[in-house]
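Residue strings, one per chain:
2 protein chains.
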Amino acid sequence: MKNFSKTSVVESRRVELHDKLSLTGAEVSINTLEAGTGIPFTHYHKKNEEIYGIIAGKGKVIIDDETVELTSGDWLRIAPSAKRQFFAANDSPISYICIQVKENSLEEYTENDGVMV
Amino acid sequence: MKNFSKTSVVESRRVELHDKLSLTGAEVSINTLEAGTGIPFTHYHKKNEEIYGIIAGKGKVIIDDETVELTSGDWLRIAPSAKRQFFAANDSPISYICIQVKENSLEEYTENDGVMV
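Which chain is which? The protein sequence lines are U and B, in order. Take 2 as the starting number for the first sequence in our numbering and just add one per residue. Take 2 as the starting number for the second sequence in our numbering and just add one per residue.
If you are wondering where the hints come from, they were derived from the structure by calculation, not from laboratory data. Treat the hints loosely; a few may be bogus.
Remember, identical chains collapse to one label, so a pair may be satisfied in a single copy or spanning two.
Pairs of lysine to aspartate or glutamate residues, derived as DMTMM-like cross-links and limited to a Cα-Cα distance of at most 20 Å, are as follows [claimed, not checked]: (1) K47 <-> E109; (2) K3 <-> D92; (3) K21 <-> E104; (4) K48 <-> E108; (5) K48 <-> E28; (6) K7 <-> D114; (7) K47 <-> E12; (8) K7 <-> E112; (9) K84 <-> E104; (10) K48 <-> D75; (11) K48 <-> E104; (12) K59 <-> E12; (13) K47 <-> E35; (14) K7 <-> E17; (15) K47 <-> E112; (16) K59 <-> E104; (17) K3 <-> D20; (18) K84 <-> E70; (19) K7 <-> E108; (20) K21 <-> E108; (21) K21 <-> E112; (22) K48 <-> D114.
Nothing here was measured: the structure is a model prediction, and the numbers come from that model.
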């Protein structure tokens, strides 16, 4: 496999990076919801942990009937079985990154996996 | 394990989310390099693919002696064995997300792992 791949993401409703970058350990998407809108369904996962980072705007997510307010700079881990649904605020869009990874798949990391040369 | 965890990231040289969010499938860090500075070493990984997303500013990364210019909106996959070193531009800081995941750990994803309810 190539040593690296690169793409440039322009603002869009949803951009998925797995195929664009030939990812093998995650799917990463960059998403924007317009003010007053939301994902039209609730979902959970069979095997994948999701990590969400809010990069602009504000909104909320309902997780198993709990409402969590969201603003730029917030990051969340959501367990596979938790039911989730994201919404923009009524007066603001929201842009967020969603990272899907297989739960419990990470072994060593940072100084225990990285090697300085 | 809890159904979700949340943290708020304020601008900083580096914030690591693995322990803050009890992540099990990735380490995610949010990093800022000041204008004219860079990571002071080159590194590679034993097992982990890295996915980088530039969230603000500009700079460059040197990957196996190839220089790749970076600006907000750029995303990269870097293979574990590739040697990498990141730098801010001389006239701009750069802020980026780094996602570490075990190479080849992702199985099904999105509509093949997610279940609508």
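Query raised in the report: Which numbered hints are broken by the structure, listed smallest first?
Result: 2, 6, 7, 8, 10, 13, 16 and 19
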